[in-house]
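Visitor: Protein chains in written order, with my numbering: chain A, 11 to 110; chain B, 39 to 340; chain C, 2 to 185; chain D, 264 to 567.
Derived by calculation from the structure, the hints in this document are not laboratory data. Fair warning: this is a prediction, and the values are worked out from it, not measured in the lab. C-beta: ideal position from N, C-alpha, C; glycine also. Accuracy of the hints is not assured; some may be wrong.
Stated by the list, open to error - Label pairs and their in silico Cβ distance ranges: (1) C:A8 with A:R96: 46 to 52 Å; (2) C:V99 with B:P113: 39 to 45 Å; (3) C:T3 with B:G336: 39 to 45 Å; (4) D:N267 with B:S192: 31 to 37 Å.
What the hints assert, rightly or not - With the C-beta cut set under 7 Å, the calculated list includes, among others, these residues of chain C facing chain A: (5) A13; (6) L36; (7) A46; (8) G98; (9) S100.
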Amino acid sequence: MTLETVLLVASALLSVGLYGALSQQVVVMVMMGLELMVAGVLLALGGLWWFLAPDPSGQVLMIVVLAAMTVEMATGFAVATVLHRRAGGDMTDMTAELHE
Amino acid sequence: MPESSVLLGAAAVLAAVLALTWVTATGAAMGAGRGLVLAATDPWLETARLLRQRRRTTLRADVLLWRLSGWSLLPLAVLLVALVPWGPHVVVPTELGVVWANALDVVVWAAVWLLGWGANAVAGLVGGYRFLALALGYELPLMFALVAPAMAASSLDLAMIADAQSDLWFVVWMPVAFLAYLVGVLGFALHGPLAAPVGDEVAGGVLAELSGPDLLVARAGRHALLGAGAAVAVPLFLGGGSGPWLPDPAWVAVKAIILTALLSYAAGRLPRLRVPLLLGPAWVVLLPLVVLQDLVVGVVLL
Amino acid sequence: MTSTDLAFWLCAVLAVASGVAVFVVDSMARATYALATSFVATGLAVLLLQQSYLGAVIVLMMVMEMAVMAVYMVMFMGMNPALMPMSMVHSHRWAIGVSVATFVTLGSGALLVPWPARRGSPPPDVTAALGRALMESHMLVMMTVGAVMVATIVVGVVLSSHRTRYDRFGDDLRHRDPADRGAR
Amino acid sequence: MGLNRVLARAATARPRVHLVEAPGGSPVRWAVEDALEARGWRRTPSPAAADALVVAGRLPDDLRDAADLLWSQLPGPRVRRHVEALAEVDGALDTLPAALRERAAHRDDARERGGDEVSRFLPDDAEDGHMSPGGVPLAEGAEDRDGLEMDVLVHPLGPLLDRWPGGLELRLAIHGDVVADVAVQRAPVTAGAGPAAAWDAVSTTLALAGDRRGAAEASRLRRHGSSTTSADGARLRHRLRRWGRVGILPPAAAGALLAATDTSSTGVPPTDLPALLRGQDLSDVRLLVAAHAPALLLGEAARA
Chain A
11 MTLETVLLVA SALLSVGLYG ALSQQVVVMV MMGLELMVAG VLLALGGLWW FLAPDPSGQV
71 LMIVVLAAMT VEMATGFAVA TVLHRRAGGD MTDMTAELHE
Chain B
39 MPESSVLLGA AAVLAAVLAL TWVTATGAAM GAGRGLVLAA TDPWLETARL LRQRRRTTLR
99 ADVLLWRLSG WSLLPLAVLL VALVPWGPHV VVPTELGVVW ANALDVVVWA AVWLLGWGAN
159 AVAGLVGGYR FLALALGYEL PLMFALVAPA MAASSLDLAM IADAQSDLWF VVWMPVAFLA
219 YLVGVLGFAL HGPLAAPVGD EVAGGVLAEL SGPDLLVARA GRHALLGAGA AVAVPLFLGG
279 GSGPWLPDPA WVAVKAIILT ALLSYAAGRL PRLRVPLLLG PAWVVLLPLV VLQDLVVGVV
339 LL
Chain C
2 MTSTDLAFWL CAVLAVASGV AVFVVDSMAR ATYALATSFV ATGLAVLLLQ QSYLGAVIVL
62 MMVMEMAVMA VYMVMFMGMN PALMPMSMVH SHRWAIGVSV ATFVTLGSGA LLVPWPARRG
122 SPPPDVTAAL GRALMESHML VMMTVGAVMV ATIVVGVVLS SHRTRYDRFG DDLRHRDPAD
182 RGAR
Chain D
264 MGLNRVLARA ATARPRVHLV EAPGGSPVRW AVEDALEARG WRRTPSPAAA DALVVAGRLP
324 DDLRDAADLL WSQLPGPRVR RHVEALAEVD GALDTLPAAL RERAAHRDDA RERGGDEVSR
384 FLPDDAEDGH MSPGGVPLAE GAEDRDGLEM DVLVHPLGPL LDRWPGGLEL RLAIHGDVVA
444 DVAVQRAPVT AGAGPAAAWD AVSTTLALAG DRRGAAEASR LRRHGSSTTS ADGARLRHRL
504 RRWGRVGILP PAAAGALLAA TDTSSTGVPP TDLPALLRGQ DLSDVRLLVA AHAPALLLGE
564 AARA
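Here chain A stands alone, though its shape is the one from the complex:
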């Protein structure tokens, strides 16, 4: 377990998540992709923290990322509900309607 391997795994997680976020049609599945990307970021931050600068401020940053993850999730669910209510569906293409 070195910094390089941790970062490698983290970038694998991030890439898989990116694939999901780009390719999925359903809002909830897109959110899953985003979550996976954030998980990759968390792991990378954890690795950088431990191997480069293990002082508490780095961990505070990770807490912020974790909080961002939940905010993304909660808002995503709410938006999915709105879309579903409006159109009876939740494909990403429908998000265009939200601009109206």
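Place chains B, C and D on chain A using the hints.
Guide: Quick look at chains B, C and D alone, frame taken from chain A:
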């Protein structure tokens, strides 16, 4: 730690889980009005009966997730009990016992929902949904209840928390947190007032389609979770191993068994809450009270 | 290879494999819980990096989130997941190309960049140090996060709810049963 | 061999019974319930964990399929008993443990059962094969009471179901667990009004609500034909009132039970079941039907 003591600890944890499971099953049956002899022998006869019964599956069930979740309840209870410090000995020593106990009880969310989902049948699915609805109600008060003893001991380590109560048990000056914790235990063990996900009125809910050994482990897991929740309450609120005459581990066991017996008896005695009834009182009454309790603890510590 | 290395690689393989599984499996429940597995593995890997509190919290939060997510999946994806194979992708090839390119870029960066040596040493009790940082030097961060969380709760409820309690219980909130019998 | 025999004896010492009531079978069901109570045997809420299927009352021909479907859900070793008259109750139950221990018979039974016993009970009107995998038609969407489009499941309740009026068959359309629509497919034949039926309804409802002690108490009142003016009756009515107030029972269910057990009132008003059940959740449907069981007959009689 030498290997033999690890094995010994693991064996002790398993034995404790089995004992607590039996106490819970007996206590709950007695609470529901069954006589002592019948209630105490039922678990053994049921074990024999279910081991002899065939397993079954339903049409287009998600067998992988269904079996996995059913068989995971009992291990979760074992892990919870493994976190409990038996006086100076802990099987899984961690400085974050409180957080891990909380994390394990959240894994129950996933297990119960999947158990209902996997059977691909209406009763199970309804049971699974009902569990999540109840879980949203009990989990927040439970989390804030865990904060109080951790704050008072200024540690998340269950052993440190137990040690901090040598003068006064936390239950004495944190009754509200203790109550909220017990409600949470009933919730994640699917017992008593919070047993709606396995209620008879939905044909047994998440357990409706199980039979044979699968039902045995799921039901035992449910009882074991109540016992494990009570066992974790011992270091959190009941002074851990402190007490006269007996050695520390014996006191932990005695307290865990007594609390399990009382809690399961009460659970058997009380009727089930209908699902929509919990969220309001849990968030509007219990949660503010628990937060107030945390505040009181904070002020006392200042 | 130490046991820590072994544990890390197990977690890493599990995290990435179940992450891939999210977009491969047929059933929504399986996709959701594959993601949960991926998070648990990530949490355990963070645990191995000596950040026990963050690892535990990742496990706790993500399992909870996925349990809720599963309900949304079932609610919003208009077909029965246990029964129907699903493929709901668009621009599949392009997405794969982009993500492979990302992985190659980031991965080679990770391997090729000359990382500096470690500055400082970890505090003896990482969790306590984190708590102190949050409550002392970085208190502002915590306060902001708290406010954002509250705002999120409000936004989520306002966006998603259709009726208020006045719709359900009458203008004086006195009706015992929600006045919405039957489908609207 | 000795150990096996001991285990088999332990396993069959207290068989679990799935007890359902045929139309008009209430008196027989009461006798079976009392016999189970005397033996210390318990019932199962679903057939999946039961050792024995006991049908109380005479099963009309058009319900044979329903009984067969239920029977196919018992995992085995399994025994089936049709108890048609009060005199048969003890005989039927006494032979259960021995019947459950007949290894050869159960092995043959298991061999004869195919892997898939349910498919033949599925409706065969699902034309589009690929939209109905496994023969199960896919759910269709409709707006729920919050105006959100949700899948609607068609879920039958009855005609043979644990703690359910004999022969009543409802077809529910449910969103999650909220009932959007109800149709009565088949009317029940229940014991009608009268103190015994009233206390039986109390017992059934309390059992479904998880109040086992109250249920046992109500069963005792039913057995001894106790009047509501007795101390026990008054105590139980007080309990019902309390459960209705705190919401353990839906207020309508508590009200119906109080009306049914009140000897001074002239009778129970007939019940319009679909209107009562629409918009409730699935468990409340069970509680409400159980509580209104004495009035269901009147409702049907009034229509006829």
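Visitor: Looking at the structure, which of the earlier hints fail to hold?
Guide: 4 and 8
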